[in-house]
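S.K.: Given chain A, work out where chain B should sit, using these hints.
2 protein chains.
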Amino acid sequence: MSDKQIDFYFDFSSPYGYLAAELIEGLAERVGAEVTWRPFLLGAVFKEIGTQPLLDIPMKGPYAKCDIPREARYHGLAFVFPQSFPFSSVAAARAFFWVSAQDSAKAKQLAQALYRRAFAQGQEITSPHAVVEVGVSLGLDEAELTAALQDPAVKDRLRKEVEAAREVGVFGSPYFVYAGEPFWGVDHMVRLEEWITRGGW
Amino acid sequence: MSDKQIDFYFDFSSPYGYLAAELIEGLAERVGAEVTWRPFLLGAVFKEIGTQPLLDIPMKGPYAKCDIPREARYHGLAFVFPQSFPFSSVAAARAFFWVSAQDSAKAKQLAQALYRRAFAQGQEITSPHAVVEVGVSLGLDEAELTAALQDPAVKDRLRKEVEAAREVGVFGSPYFVYAGEPFWGVDHMVRLEEWITRGGW
Numbered sequence: 001m002s003d004k005q006i007d008f009y010f011d012f013s014s015p016y017g018y019l020a021a022e023l024i025e026g027l028a029e030r031v032g033a034e035v036t037w038r039p040f041l042l043g044a045v046f047k048e049i050g051t052q053p054l055l056d057i058p059m060k061g062p063y064a065k066c067d068i069p070r071e072a073r074y075h076g077l078a079f080v081f082p083q084s085f086p087f088s089s090v091a092a093a094r095a096f097f098w099v100s101a102q103d104s105a106k107a108k109q110l111a112q113a114l115y116r117r118a119f120a121q122g123q124e125i126t127s128p129h130a131v132v133e134v135g136v137s138l139g140l141d142e143a144e145l146t147a148a149l150q151d152p153a154v155k156d157r158l159r160k161e162v163e164a165a166r167e168v169g170v171f172g173s174p175y176f177v178y179a180g181e182p183f184w185g186v187d188h189m190v191r192l193e194e195w196i197t198r199g200g201w
Numbered sequence: 001m002s003d004k005q006i007d008f009y010f011d012f013s014s015p016y017g018y019l020a021a022e023l024i025e026g027l028a029e030r031v032g033a034e035v036t037w038r039p040f041l042l043g044a045v046f047k048e049i050g051t052q053p054l055l056d057i058p059m060k061g062p063y064a065k066c067d068i069p070r071e072a073r074y075h076g077l078a079f080v081f082p083q084s085f086p087f088s089s090v091a092a093a094r095a096f097f098w099v100s101a102q103d104s105a106k107a108k109q110l111a112q113a114l115y116r117r118a119f120a121q122g123q124e125i126t127s128p129h130a131v132v133e134v135g136v137s138l139g140l141d142e143a144e145l146t147a148a149l150q151d152p153a154v155k156d157r158l159r160k161e162v163e164a165a166r167e168v169g170v171f172g173s174p175y176f177v178y179a180g181e182p183f184w185g186v187d188h189m190v191r192l193e194e195w196i197t198r199g200g201w
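As given, the protein sequences belong to chains A and B, one line each in that order. The first sequence begins at 1 in the numbering used here and counts up one residue at a time. The second sequence begins at 1 in the numbering used here and counts up one residue at a time.
Next up, chain A with everything else stripped away, as it sits in the complex (with noise of 0.2 Å):
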């Protein structure tokens, strides 16, 4: 267990927090770090700072059309905009918070395949059934999956989550926390490794 821990925050619907999802755990490695997996949803967050989901502002919305599959190119990952965006990522999130509790290696996998799914095939990951298909796909049980996305328990434990990432200041996906340190966005990954590398500056 490393003394170095990094939270990673992200919500399922967001498409830099796709890219972060593939790019997180290779720096995690470079510079011996652990990455806790926190996925929210940011649609409370929008209401509090009195914005909107990215592609529908004016101005900033084309330009993230253009950033995006440029930084998946950069990084050479596959990506593609679902058909219907934004979406729901309630079901996902719950979902990994349910595994997460079992085991937290099978949540991550779990979050890369939904992510993957959802930025890389274009796939819906809204529904229940599309999220129990990708933990099965995982080897996780359907009927036990599909009862957990109903569970007061798990509901409650998202809650918890986005209270807390609210709590943090989180206000963008993905956001990043080393140390009380806190980065926004997939062009601030390479301030937070130079960060933990160096002990800051």
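Since the hints were derived computationally from the structure, they do not count as laboratory data.
Below are the DSBU-like pairs computed for lysine-lysine, each with C-alpha atoms no more than 35 Å apart in a straight line:
#1 Lys47/B with Lys47/A
#2 Lys65/A with Lys4/B
#3 Lys4/A with Lys106/A
#4 Lys4/A with Lys160/A
#5 Lys47/B with Lys65/A
#6 Lys65/B with Lys108/A
Label pairs and their computed distance ranges (CB to CB):
#7 Gly32/A with Lys65/B: 25 to 31 Å
#8 Ala164/B with Gln150/A: 50 to 56 Å
#9 Ala164/A with Val190/B: 29 to 35 Å
Sample of chain A residues lacking proximity to chain B, with all beta carbon distances greater than 10 Å (derived):
#10 Ser2
#11 Asp7
#12 Phe79
#13 Ser104
#14 Ala113
#15 Gly139
#16 Leu140
#17 Glu142
#18 Ala147
Ideal placement from N, C-alpha and C gives every residue a C-beta, glycine not left out.
M.R.: For chain B alone, coordinates are given in the frame of chain A:
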């Protein structure tokens, strides 16, 4: 005259714009490009995309207060927040375009001197008095520059530049365009440099 041409859009009230202004000419030299400096006014854009000055935004504001000085330290640049922030950058932008029509190298010097006064020394650059003082320190004529700040032709030039930036889709500061390819933010200057070097990807 290089055939590699970077348009550098910035608002004189933007702290990230200040950092970019300190870094862009070094970048351009490394890749053999020339930079056209294009001050504009973010206010109108903020209304259009429904946002507000950075530091006033819940959560995003506190993050910026951490990130901007951290970026400055990373690059070895002085940085302070001016006492009055945000501030109007109309006079600074007008002065820039008046000088630029005569001497583009001098206009860049003026831009850097104005930015340093605001974000390295923390002094105001909103009043005509302050802007003229900076100009005079660079050898500009006090009476001519004072008159230029109210010259209808100079006012009109700035209006046209703001409109041109809007048409290009510039929604933040700094914002760069190279051969039609947009790059937003200090964070993205590393991508801009790689893009020019590699000829895209």
